[in-house]
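Protein chains: 2
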Amino acid sequence: MRAGPSQEEIRRHNLGALLRHVHLGGPTSRAELTSRMGLNRSTIMALTADLTAAGLVREELPRETGRAGRPSLVVRPESARVYVFALDVGVDRLVAARVGLGGTILDRREAVRRRGPFSLEEIVGPLAGFARQMHRKTRPDTVCVGVAAAFSGGVGRADGVIRFGPNMHSVDVPLAEEMARKLALGLPVTVGNDANLAALAEHTRGVGVGCRDLIYLHGDVGIGGGVIVNGQLLGGHAGFGGEVGHMIVNPKGRLCGCGSLGCLEAEAGERAVLEAAGRSGTHQLGRDAVRDVVDAADRGDIVAQAALSRVGDWLGLGVANLVNVFNPEMVIFGGMLREVYLGSAAQVRSRLAVDALPPSRDGLRLRTSALGDDATLVGAAELAFAQVLADPLEVLARAGS
Amino acid sequence: MRAGPSQEEIRRHNLGALLRHVHLGGPTSRAELTSRMGLNRSTIMALTADLTAAGLVREELPRETGRAGRPSLVVRPESARVYVFALDVGVDRLVAARVGLGGTILDRREAVRRRGPFSLEEIVGPLAGFARQMHRKTRPDTVCVGVAAAFSGGVGRADGVIRFGPNMHSVDVPLAEEMARKLALGLPVTVGNDANLAALAEHTRGVGVGCRDLIYLHGDVGIGGGVIVNGQLLGGHAGFGGEVGHMIVNPKGRLCGCGSLGCLEAEAGERAVLEAAGRSGTHQLGRDAVRDVVDAADRGDIVAQAALSRVGDWLGLGVANLVNVFNPEMVIFGGMLREVYLGSAAQVRSRLAVDALPPSRDGLRLRTSALGDDATLVGAAELAFAQVLADPLEVLARAGS
Chain A
0 MRAGPSQEEI
10 RRHNLGALLR
20 HVHLGGPTSR
30 AELTSRMGLN
40 RSTIMALTAD
50 LTAAGLVREE
60 LPRETGRAGR
70 PSLVVRPESA
80 RVYVFALDVG
90 VDRLVAARVG
100 LGGTILDRRE
110 AVRRRGPFSL
120 EEIVGPLAGF
130 ARQMHRKTRP
140 DTVCVGVAAA
150 FSGGVGRADG
160 VIRFGPNMHS
170 VDVPLAEEMA
180 RKLALGLPVT
190 VGNDANLAAL
200 AEHTRGVGVG
210 CRDLIYLHGD
220 VGIGGGVIVN
230 GQLLGGHAGF
240 GGEVGHMIVN
250 PKGRLCGCGS
260 LGCLEAEAGE
270 RAVLEAAGRS
280 GTHQLGRDAV
290 RDVVDAADRG
300 DIVAQAALSR
310 VGDWLGLGVA
320 NLVNVFNPEM
330 VIFGGMLREV
340 YLGSAAQVRS
350 RLAVDALPPS
360 RDGLRLRTSA
370 LGDDATLVGA
380 AELAFAQVLA
390 DPLEVLARAG
400 S
Chain B
0 MRAGPSQEEI
10 RRHNLGALLR
20 HVHLGGPTSR
30 AELTSRMGLN
40 RSTIMALTAD
50 LTAAGLVREE
60 LPRETGRAGR
70 PSLVVRPESA
80 RVYVFALDVG
90 VDRLVAARVG
100 LGGTILDRRE
110 AVRRRGPFSL
120 EEIVGPLAGF
130 ARQMHRKTRP
140 DTVCVGVAAA
150 FSGGVGRADG
160 VIRFGPNMHS
170 VDVPLAEEMA
180 RKLALGLPVT
190 VGNDANLAAL
200 AEHTRGVGVG
210 CRDLIYLHGD
220 VGIGGGVIVN
230 GQLLGGHAGF
240 GGEVGHMIVN
250 PKGRLCGCGS
260 LGCLEAEAGE
270 RAVLEAAGRS
280 GTHQLGRDAV
290 RDVVDAADRG
300 DIVAQAALSR
310 VGDWLGLGVA
320 NLVNVFNPEM
330 VIFGGMLREV
340 YLGSAAQVRS
350 RLAVDALPPS
360 RDGLRLRTSA
370 LGDDATLVGA
380 AELAFAQVLA
390 DPLEVLARAG
400 S
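Residue numbers (numbering that gives the first Met the number 0), protein chains in the order written: chain A, 0 to 400; chain B, 0 to 400.
Next up, chain A with everything else stripped away, as it sits in the complex (with noise of 0.2 Å):
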């Protein structure tokens, strides 16, 4: 149990306070960061001229006030300048983008994966060209603060160390480390879990702003989830927390790639929308054969409303178990769920009526993911850029030199 901060502490908190404010919410006038920080004017004022010097924000008079009087300065986050790669691996495609400051995707690359087994080559060399491509195209006074990748698999907090995935046959993979190495940026890398770091996305861009208890739903192959706890990611112990997929919810039902029984991602996955829509095999994988499934249903096809009446009441009763363990403000569905739920949202919504205890649901709101596929790589760069927003001028004088 520590005591109070310094003097210090409280001026390097403060630092990553202010620039946190314009990171998240754009250019804002010392007046209004005043008051919202709850600060004097000349704390604010000396902030700004520290953060300024290093460069990490700039002050510039605002376009139009419509007010009378001397306006304040506003204060912008410097996004040209400060930046972050943010990666992602996903199941379907590996991203790579340049983040500025402030959350401006200013640059990205992509390219398709193929589904099955991989190696970390495969993983690491693209995403580091892609990288190189992009931090050939910077000026040379610009900075790179953090790099982070989301992940759609388990992966350990303290190492970055993939623990499981799908279509990972092998276990124990150094990403992190490997991602380093091949990037020789001279910085760490960070890696996260996809849905985790989607929900966190949610929690500061999207949706979920606001809301401090929420759940965040993501189909892919799978199905994960990141929670967000009293404004917190859940982390759990060693980083694994917010596994929701492989909750229980038919211990008599289908096979899971865990080995499993019944775990939501076995009976609410892409697989179970597929196959009891009789579309698997022959058929298309992925996000637009879900897609396919829910169009057909709106059209009137018995089969495929069938086949989301009965997923549909899986996902109510994995949200209702949910609703009960953390009762949240907001659950958010993502990825390839959005268009399970859009589609079977009565079966959902009905199941919750019958399951979820009425305390822990009252209020509750359902929606759909805001960033959409970009919520991944959104948190991805909200990752990376923790450290300078935390320590803003120590990230900065270790980057420069």
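Since the hints were made in silico from the structure, they are not lab data.
No incorrect hints appear here.
Identical copies go unnamed one by one, so any copy, or any two together, can satisfy a pair.
Simulated crosslink set (SDA-like; lysine to any residue; CA at most 20 Å straight-line):
1) K251 - A352
2) K136 - R80
3) K251 - R309
4) K181 - E109
5) K181 - R131
6) K251 - R270
7) K181 - M133
8) K181 - T137
Use these hints to put chain B onto chain A, whose structure you have.
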């Protein structure tokens, strides 16, 4: 997003932190406080002087140091002078205790409750009577700084109103308000869910000390839960988080009191144990009845063994689900689930081995409650002390006035 604290806020924070140290850790030397809190000696001296003047701690020479030189003064909580009332509204009993700063139970009263529907008066009347009896026995210089109650059901965080509970046929019972009125101590009453408070107790003073992520499962008539996430109690949006007993594990299973089929509570609660053992109806209920089943199984009774095996299987599945969702460091079995777990540990562990993801259960410890039947009461006391630990001088000034 607020910025760093003011000098006054830091002082308040430090006073609370120091008081929490001696409240949880017992008498501590100034030298130890200096090193543990990361503050310098003169700050510790000043803080201790403030807390001593307020009558919250006192300083004394240690009995023996075994070392040469001037011994460091020991700071100890004023356990006999500063106290709270902790109340426990269990299914089978009502308990009231006067608990001194530092966690010492100074006095307690207990009454057996008959199961069945209850009126608010049947709870509030006896508890207020107990509190008055204990209050009359205190010396004039003592001061009560808080009151909190544990209730075996759902309680809204904001208002202390009971929304659901076993044997509760009315809803929206204003327990906190009515209790405060009847006690007439001029203090508000905080009410929390019993399993949540037991989790808090095991986390701060029991088997879970030092664990930042743990799940406490409490068996009573039903099954309740309390979850500690990154050192904080999971409350959820409105305080109903942790209702793990209503996670559905067997959707074609037994009818639960909540109206759903196959909740963990329905499959592994008291009634499930007794019915599986052929002991419902004619036999006694409660903890003793469950213990009889476990004892019988120990002595080789095949029916009792089969019952525990069946119940342990569902309990294991429920725990596996929670392990996948939370990746906790520890799961604690309390109340009658302590007995059930001890009688079915092999079954629970084998379910975990099959149904929990290997990285999520890696390093997991399964434990029984260290505080036993007093866990809820100890948790209620901690809830009652929360205010004075957050702002020692303010609370004391109010209580003394």
